[in-house]
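Just so you know, the protein sequences line up as chains A and B, in that order.
If you read the first sequence in our numbering, its first letter stands for residue 99, the second for the next number, and so on.
If you read the second sequence in our numbering, its first letter stands for residue 5, the second for the next number, and so on.
If you are wondering where the hints come from, they were derived from the structure by calculation, not from laboratory data.
Just so we're clear, the structure is a prediction, and the values are computed from it rather than from any experiment.
Virtual Cβ for every residue (Gly too), placed ideally from N, Cα, C.
The hints are all genuine.
Over 12 Å on every C-beta distance to chain B, these chain A residues come out as not near it, computed from the model: (1) Val123; (2) Asn181; (3) Leu198; (4) Gly237; (5) Glu249; (6) His383.
The following label-pair restraints were derived from C-beta to C-beta distances: (7) B:Ala80 to A:Arg279: 20 to 30 Å; (8) A:His383 to B:Ala80: 53 to 63 Å; (9) A:Leu108 to B:Gly35: 48 to 58 Å; (10) B:Phe117 to A:Arg209: 17 to 27 Å.
Which residues of chain B face chain A? A few of them, derived with a C-beta cut under 7 Å, are: (11) His83; (12) Gly98; (13) Phe119; (14) Val123.
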Amino acid sequence: MRDLLTRERLITAALLTVFALLPPVAEAFGQGYLTNVASRVMIYAIAALSLDLILGYGAMVSFGHAAFIGIGAYAVGISAEHNLWEGTLTIPMAMAAAGLFALATGAISLRTRGVYFIMITLAFGQMAYYTASSLSAYGGDDGLTIWGRSEVLGNPVLEDDTALYFFVLICLALCWWVASRVVGSRFGRVIAGVRENRARMSAVGFDAYRHQLVAYVLAGMMAGLAGALLANHAEFVSPAYMSWQRSGDLIIMVVLGGMGSLYGAVLGAVAYLALEDVLAGFTEHWRVIFGPLLILIVLYARGGLARAFRREGPSREGRDG
Amino acid sequence: MADPILELAGLRKSYGALTVTDGVNLAVKTGAIHAIIGPNGAGKTTLINQIGGQAAPDAGTIILDGRDITGLPIHARSHLGLARSFQITNVLPGFSTLDNVAVAAQAHAGHSFRFFRSVARETALTEKAMACLETVGLADRALIRAGALSHGEKRALEIAMALATEPKLLLLDEPMAGTTHEETARLTETLEALRGRFTILLVEHDMAAVFALADTISVLVYGRVIAEGAPDAIRTDPEVRAAYLGEEEIP
Numbered sequence: 099m100r101d102l103l104t105r106e107r108l109i110t111a112a113l114l115t116v117f118a119l120l121p122p123v124a125e126a127f128g129q130g131y132l133t134n135v136a137s138r139v140m141i142y143a144i145a146a147l148s149l150d151l152i153l154g155y156g157a158m159v160s161f162g163h164a165a166f167i168g169i170g171a172y173a174v175g176i177s178a179e180h181n182l183w184e185g186t187l188t189i190p191m192a193m194a195a196a197g198l199f200a201l202a203t204g205a206i207s208l209r210t211r212g213v214y215f216i217m218i219t220l221a222f223g224q225m226a227y228y229t230a231s232s233l234s235a236y237g238g239d240d241g242l243t244i245w246g247r248s249e250v251l252g253n254p255v256l257e258d259d260t261a262l263y264f265f266v267l268i269c270l271a272l273c274w275w276v277a278s279r280v281v282g283s284r285f286g287r288v289i290a291g292v293r294e295n296r297a298r299m300s301a302v303g304f305d306a307y308r309h310q311l312v313a314y315v316l317a318g319m320m321a322g323l324a325g326a327l328l329a330n331h332a333e334f335v336s337p338a339y340m341s342w343q344r345s346g347d348l349i350i351m352v353v354l355g356g357m358g359s360l361y362g363a364v365l366g367a368v369a370y371l372a373l374e375d376v377l378a379g380f381t382e383h384w385r386v387i388f389g390p391l392l393i394l395i396v397l398y399a400r401g402g403l404a405r406a407f408r409r410e411g412p413s414r415e416g417r418d419g
Numbered sequence: 005m006a007d008p009i010l011e012l013a014g015l016r017k018s019y020g021a022l023t024v025t026d027g028v029n030l031a032v033k034t035g036a037i038h039a040i041i042g043p044n045g046a047g048k049t050t051l052i053n054q055i056g057g058q059a060a061p062d063a064g065t066i067i068l069d070g071r072d073i074t075g076l077p078i079h080a081r082s083h084l085g086l087a088r089s090f091q092i093t094n095v096l097p098g099f100s101t102l103d104n105v106a107v108a109a110q111a112h113a114g115h116s117f118r119f120f121r122s123v124a125r126e127t128a129l130t131e132k133a134m135a136c137l138e139t140v141g142l143a144d145r146a147l148i149r150a151g152a153l154s155h156g157e158k159r160a161l162e163i164a165m166a167l168a169t170e171p172k173l174l175l176l177d178e179p180m181a182g183t184t185h186e187e188t189a190r191l192t193e194t195l196e197a198l199r200g201r202f203t204i205l206l207v208e209h210d211m212a213a214v215f216a217l218a219d220t221i222s223v224l225v226y227g228r229v230i231a232e233g234a235p236d237a238i239r240t241d242p243e244v245r246a247a248y249l250g251e252e253e254i255p
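Take the sequences, apply the hints, and build the full model.
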């Protein structure tokens with residue numbers, strides 16, 4: 099176990115180091131645009147982490163996760179439209195809005211199981227999507243251009259792409275840290291226990307529903323943060339952020355990286371967006387290649403990319419300890 | 005002995021036209037091992053499920069230690085001192101044996117909305133879990149994945165999980181089902197060792213185990229208690245013999 103723990107820490111540290119070194123290296127090789135690309139990758143890594151918390155550790159297959167991202171992004175966009183640029187206000191607002199949405203929708207969805215849970219989260223996601231599409235004051239279908247980035251205590255530092263990059267990196271590291279603490283905590287053990295056997299967990303005295311709801315809200319807030327960062331990165335928000343395809347993309351990232359592994363979620367986001375980029379370079383029908391690839395991974399490499407870094411098979415034991 | 009720890013009064017449950025629990029009255033004395041026997045389809049598991057909260061009775065009341073628990077959710081009953089094992093083995097397969105018990109102990113040692121402290125450092129939980137594993141003879145299997153245990157070991161693990169919640173009443177639904185001879189003997193010994201420390205309500209088909217362990221036996225047939233008494237009285241009861249005719253051997 100201890101061995102596995104240090105291994106996980108090593109990989110985490112290695113990944114964060116690579117992210118930290120990327121901008122100067124990219125600059126040195128005259129590939130400065132990579133910094134911009136990698137910002138987006140890290141933002142999706144935060145979203146994938148948040149989904150992994152409930153999907154990987156809690157077996158809650160949320161098919162509406164993009165809605166939280168969209169709500170976070172709109173919170174920043176709408177604030178900017180009303181001339182509120184202060185990030186120390188708008189980013190917590192984005193997280194609170196996504197968290198509230200998670201609380202309201204989770205309170206209903208988590209009363210269902212299995213396919214019904216998937217369908218109901220999908221339905222709530224689509225509701226958010228169509229609501230955003232009908233916000234004609236904020237661009238409606240066309241989306242909303244944001245004429246600048248959030249300020250930090252009145253200072254427009256994030257206008258610089260590299261500064262934004264490191265801001266996103268700090269957010270990613272913080273989320274990663276929080277997630278790893280939660281996974282190893284009492285709370286995390288309850289969530290994993292309910293995944294393993296709900297009836298058993300109830301019989302020993304846990305209110306499974308309450309614990310799952312709190313996990314759902316936590317994941318929603320984290321995804322809301324990713325949305326706020328995305329709005330800053332793109333300087334644009336659109337209902338497309340909330341489409342069910344986006345929710346599907348996030349699930350693919352988590353499955354590709356390895357469910358129930360935090361660095362797996364990050365690797366999954368990196369791999370998915372990199373593959374998308376590379377394959378899209380060959381053909382616009384890149385999904386035709388990506389689809390079969392994903393099937394192969396699910397069939398032959400359960401445990402995803404994270405498994406490649408583990409010595410033994412996809413043991414689930416390490417997850418709770 | 006003191007007041008009964010569990011009292012069922014006029015418990016009734018039907019599935020459509022089929023009455024599965026037909027006005028059951030039952031009292032389990034504190035500290036006793038009380039067995040419920042009956043032929044297949046007598047409604048034993050349905051009765052246990054109503055006590056545990058997995059099924060809701062249509063009428064009647066369930067009193068645990070002086071409190072009406074009839075309408076309470078499962079997890080709330082656990083906090084009032086009810087623990088159970090299931091007829092079909094029911095553990096957390098991906099957790100280690102030790103963690104299975106530790107999480108049960110955790111449910112009864114403060115709340116679990118603690119997000120940052122590592123649970124691996126909560127030695128009190130681990131120690132308690134280890135003590136429960138020793139009681140059921142699984143201490144040397146503590147670090148094995150629960151899903152990899154033998155059937156008999158899983159049954160013992162279920163009992164350890166129940167013990168970790170420090171129950172006032174332990175509901176055991178056919179703990180010996182599907183176990184080998186040696187495992188049955190070992191489980192009987194384990195339960196014997198719990199006598200006096202815990203009150204046990206036991207549903208079991210293994211008559212040898214029942215007659216060896218029980219202080220009181222209630223016989224359930226078609227949802228009704230047709231006889232109740234000490235093992236010797238039950239053994240010779242003609243009505244019980246008739247009900248069991250061609251079913252099972254009464255020793």
